[in-house]
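Novice: Sequence:
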Amino acid sequence: SFIPTLIRDCNQHAMAGHDVNNLNVVIVTHGLALRLMLMRWFQWSVDDFEQSQNPENCELITMNKIKDLAGYAWMELEEKDRVSLDLPATCGVPRNVHLHRGADSGEKVK
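Counted the way our numbering counts, the sequence shown spans residues 14 to 123.
Rather than coming from a laboratory, the hints here were simulated on the basis of the structure. Where is the CB? At the ideal position from N, CA and C, for every residue including glycine. Wrong hints could be hidden among the right ones.
As the list claims (entries may be wrong) - If you anchor each label on the Cβ, the simulated ranges turn out as follows:
(1) Ser58 x His31: 19 to 27 Å
(2) Asn35 x Ala83: 16 to 24 Å
(3) Pro17 x Tyr85: 16 to 24 Å
From just these sequences and the hints, can you work out the full model?
Specialist: So, in structure tokens, the structure goes:
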């Protein structure tokens, strides 16, 4: 599926020496497909998904990489995008997330 392919491609770029910590990915898709991808990424419940709304035409939805001081990183939706999609605040942060240390911390990205 799409998400494992995206992660595999990023890992391949990292192994080839590219700086994936500063990589931007642009995905152009329809509203329903976007919500389905976000549902899978952030592990939303069916109720959360059904509550969400499609974005407006040509609206940008942004996931930002967040890093803590220990070098762990995860993705979050911007607050304005959670509001635009009519999501509860808990839907912008992954549930049961497995945090990964970035390549610059000396650990392999998994």
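Novice: Against each hint, give a clear statement of whether it holds in the structure.
Specialist: Comparing the hints with the structure gives:
no. : hint                      : verdict
1   : Ser58 x His31: 19 to 27 Å : 35 Å, violated
2   : Asn35 x Ala83: 16 to 24 Å : 19 Å, holds
3   : Pro17 x Tyr85: 16 to 24 Å : 21 Å, holds
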